[in-house]
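Protein chains: 2
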Amino acid sequence: MIFPKTRLNLSGDRFTVIYRLTGSDETEAQTKAEGICLEQTVEVPLHLLANDTIRADVVGRIESFTTLADNHFEAAISYALETLGSELTQLLNVVFGNSSMQPCIRVERINFSDALLQQFQGPRFGRAGIRKVLGVNKRPLLCTALKPMGLSAEALAGLAYQFAFGGIDIIKDDHGLANQSFAPFQERMQRCAAAVNEGSQKSGYRSIYVPNITGPANQIIDRAFEAKQAGAGGVMLAPGLTGLDVLRQLAEDDSFALPIFSHPAWQGSLVSHPRQGLSHRVVFGQLPRLAGADATIYVNYGGRFSFSRQACRGIVEETGTAMGQLKPIFPTPGGGMTLAKLPEMIEFYGHDVILLIAGGLYGHGPDLGKSCREFRQFLEQAGTGVVQ
Amino acid sequence: MIFPKTRLNLSGDRFTVIYRLTGSDETEAQTKAEGICLEQTVEVPLHLLANDTIRADVVGRIESFTTLADNHFEAAISYALETLGSELTQLLNVVFGNSSMQPCIRVERINFSDALLQQFQGPRFGRAGIRKVLGVNKRPLLCTALKPMGLSAEALAGLAYQFAFGGIDIIKDDHGLANQSFAPFQERMQRCAAAVNEGSQKSGYRSIYVPNITGPANQIIDRAFEAKQAGAGGVMLAPGLTGLDVLRQLAEDDSFALPIFSHPAWQGSLVSHPRQGLSHRVVFGQLPRLAGADATIYVNYGGRFSFSRQACRGIVEETGTAMGQLKPIFPTPGGGMTLAKLPEMIEFYGHDVILLIAGGLYGHGPDLGKSCREFRQFLEQAGTGVVQ
Chain A
1 MIFPKTRLNL SGDRFTVIYR LTGSDETEAQ TKAEGICLEQ TVEVPLHLLA NDTIRADVVG
61 RIESFTTLAD NHFEAAISYA LETLGSELTQ LLNVVFGNSS MQPCIRVERI NFSDALLQQF
121 QGPRFGRAGI RKVLGVNKRP LLCTALKPMG LSAEALAGLA YQFAFGGIDI IKDDHGLANQ
181 SFAPFQERMQ RCAAAVNEGS QKSGYRSIYV PNITGPANQI IDRAFEAKQA GAGGVMLAPG
241 LTGLDVLRQL AEDDSFALPI FSHPAWQGSL VSHPRQGLSH RVVFGQLPRL AGADATIYVN
301 YGGRFSFSRQ ACRGIVEETG TAMGQLKPIF PTPGGGMTLA KLPEMIEFYG HDVILLIAGG
361 LYGHGPDLGK SCREFRQFLE QAGTGVVQ
Chain B
1 MIFPKTRLNL SGDRFTVIYR LTGSDETEAQ TKAEGICLEQ TVEVPLHLLA NDTIRADVVG
61 RIESFTTLAD NHFEAAISYA LETLGSELTQ LLNVVFGNSS MQPCIRVERI NFSDALLQQF
121 QGPRFGRAGI RKVLGVNKRP LLCTALKPMG LSAEALAGLA YQFAFGGIDI IKDDHGLANQ
181 SFAPFQERMQ RCAAAVNEGS QKSGYRSIYV PNITGPANQI IDRAFEAKQA GAGGVMLAPG
241 LTGLDVLRQL AEDDSFALPI FSHPAWQGSL VSHPRQGLSH RVVFGQLPRL AGADATIYVN
301 YGGRFSFSRQ ACRGIVEETG TAMGQLKPIF PTPGGGMTLA KLPEMIEFYG HDVILLIAGG
361 LYGHGPDLGK SCREFRQFLE QAGTGVVQ
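Just so you know, the protein sequences line up as chains A and B, in that order. According to our numbering, the stretch in the first sequence is residues 1 to 388, in order. According to our numbering, the stretch in the second sequence is residues 1 to 388, in order.
Everything labelled a hint here was simulated from the structure, so no lab data went into it. Please note: incorrect hints may appear among the correct ones.
Identical copies go unnamed one by one, so any copy, or any two together, can satisfy a pair.
[Said to hold, decoys possible] Under the rule of at most 20 Å between Cα atoms (straight-line distance), these lysine to aspartate or glutamate pairs were calculated in the EDC-like manner:
(1) K228 with E74
(2) K5 with D367
(3) K5 with E154
(4) K341 with E374
(5) K327 with D114
(6) K370 with E198
(7) K327 with E317
Based on the sequences and whatever the hints tell you, model everything.
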């Protein structure tokens with residue numbers, strides 16, 4: 001044999017990935033599933049392997065294979081926990097590294113094992129933690145975004161003050177605010193943090209400022225700590241732009257310990273093909289929660305974006321379902337929300353949601369403070385059961 | 001106005017993104033293009049903006065709009081250089097942050113401006129630099145991968161020695177080798193680096209070992225330097241797993257200064273939808289080159305993967321075309337290559353290519369050293385013009 005016979009002392013613990021396969025018949029799909037077992041692990045043809053632990057346990061294992069409909073199949077493939085070496089980057093790699101480049105394979109869900117989940121700390125705050133920070137027990141939370149790109153740090157801080165004074169719970173940077181000359185990160189972040197805290201003190205509402213710390217790999221952590229020092233109440237990070245693992249690094253850091261908001265920028269392409277890529281529930285539900293995001297921002301159904309009701313439902317499920325010791329996190333839909341749509345949103349999402357309303361708030365009327373109070377009042381009534 | 005009128009002193013320099021749009025008619029597609037101009041920059045409706053620099057210059061600008069065929073359109077949209085704040089993460093964001101979540105938009109190409117390219121150092125070695133390291137002037141280069149996952153570091157080093165002794169130019173880790181207990185990164189990397197250097201000395205061929213440094217965000221740079229110290233000749237990184245910017249960080253680091261190989265894992269989903277996502281040329285050509293990869297690994301056409309000849313051609317074009325001061329880099333196709341396919345590969349790719357042959361080498365025959373020599377001999381003959 002080319003490869004020496006290898007004996008490994010593995011734990012026996014395995015996690016499972018549910019793949020949706022498309023093929024002209026069951027035999028073709030079955031062959032594809034067998035291909036995934038190799039592709040995602042040893043990446044050599046089976047006949048080259050010795051009759052050893054690698055062949056028996058390192059190669060992926062088809063746990064079940066189901067015909068869903070004509071040409072549509074589902075394979076549950078399990079992998080040994082040890083293939084991951086406790087690394088999130090390697091988890092992504094084993095789930096869909098090379099198979100992402102093969103036709104007609106879609107990752108529908110990851111069934112984590114408890115042993116795998118114990119290797120992750122997950123969200124530090126989660127839903128309950130963010131509610132505690134904001135002092136809001138029950139109602140949906142309200143989030144807005146500072147924009148547009150091009151305003152000065154001072155002008156953005158002016159908006160931030162109005163939002164805080166108007167009672168918006170979470171005031172975040174738009175994800176387009178990076179470190180541009182017109183509103184450099186440090187100045188913007190310091191001014192906005194101060195403005196939110198001032199507006200909040202004056203109004204009596206508790207609000208937090210959440211700056212966007214997405215940026216160069218060697219500056220993200222620094223920006224996070226600068227934000228904390230300036231009095232920000234959380235940070236936002238777009239893992240599609242930065243990589244997911246830096247979110248985990250930050251979430252696990254006891255000396256940081258602020259809520260983390262995950263932003264979906266760039267990741268739409270991962271979910272846009274109905275028969276390839278990954279499901280919305282994996283990309284915007286399971287993965288950010290595993291990494292330790294306390295809230296996962298995504299685009300709402302029915303607006304200008306392409307996510308369906310069903311896709312949004314899948315994300316929401318993964319934010320709240322049992323997941324070992326990992327806390328439930330907030331689904332944070334945004335895009336095209338107006339006051340008129342709030343009843344439908346509350347009906348669909350219930351109370352455990354952060355509603356991200358930016359354009360709908362800016363466009364609601366000429367008096368931003370008045371608009372804020374209207375939105376907040378609506379949610380407070382919803383929270384006491386007046387609306388629902 | 002909600003937003004204060006803003007005067008910005010912009011350079012006037014703009015870069016352009018070519019978007020392919022699908023729509024039921026030209027009016028719909030035109031509206032979509034106008035939507036992108038806002039979505040990717042200010043993210044508020046146009047009527048909310050004052051009559052100022054933000055509206056005039058920060059909002060994206062449609063430079064041209066073309067009907068390609070029934071229902072297919074192309075819009076060239078330019079953005080002010082200043083929207084990027086000189087950050088690669090923000091470049092990705094402006095190109096396709098939120099629009100990736102909208103239907104029927106595909107990024108076909110980025111037309112960088114010279115001023116933008118001057119903000120990036122790009123590849124340190126490029127094609128000429130890697131050729132110099134290996135002492136090979138003309139012929140296609142030969143690369144293979146150490147696998148399978150599950151072998152011990154010692155066994156992998158044994159393979160590495162045989163490859164180096166057999167004259168393989170570049171001996172890299174399989175991307176599935178991370179930091180697993182059966183072959184921990186440090187031990188594997190040190191053993192393999194030593195084995196390659198030993199095999200290389202004995203054979204007289206110059207070979208380099210390229211370990212996979214993909215891993216936790218806070219360990220990637222350390223792994224790179226450990227590899228350098230151990231005598232590795234380059235490193236491999238999968239930006240889909242780690243984020244692209246850490247590759248840039250490493251490429252720009254004068255104290256590192258080794259060739260960097262970009263691996264495509266996870267990124268297949270970005271390119272799989274023909275009318276959404278991004279083109280292969282952007283993801284596997286333009287972006288890794290901009291970030292500073294010296295070689296871009298991707299999956300070859302005609303094998304078990306889904307990339308077409310045309311997609312591969314697009315990638316190759318972007319590795320070599322004029323791109324400001326940025327050096328040309330090596331296209332590095334892999335997947336399903338055998339000795340029998342080499343003539344076709346050389347015809348398609350020419351000599352400026354690294355051919356990644358792993359399964360085809362392991363499966364070529366029972367004597368790995370003999371297989372290596374056959375492949376190498378073939379390429380040497382090709383390099384002297386005997387074959388072509």
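Going down the list of hints, with the structure as the test:
1. K228 with E74: Neither, since 45 Å and 44 Å both go past 20 Å.
2. K5 with D367: Between copies only: 17 Å across, 74 Å inside.
3. K5 with E154: between (66 Å within a copy, 13 Å between copies)
4. K341 with E374: Classified as within: same-chain Cα gap 13 Å, cross-chain 68 Å, threshold 20 Å.
5. K327 with D114: within (14 Å within a copy, 48 Å between copies)
6. K370 with E198: within (18 Å within a copy, 75 Å between copies)
7. K327 with E317: within (13 Å within a copy, 47 Å between copies)
Consistency with the previously given hints fails for number 1 only.
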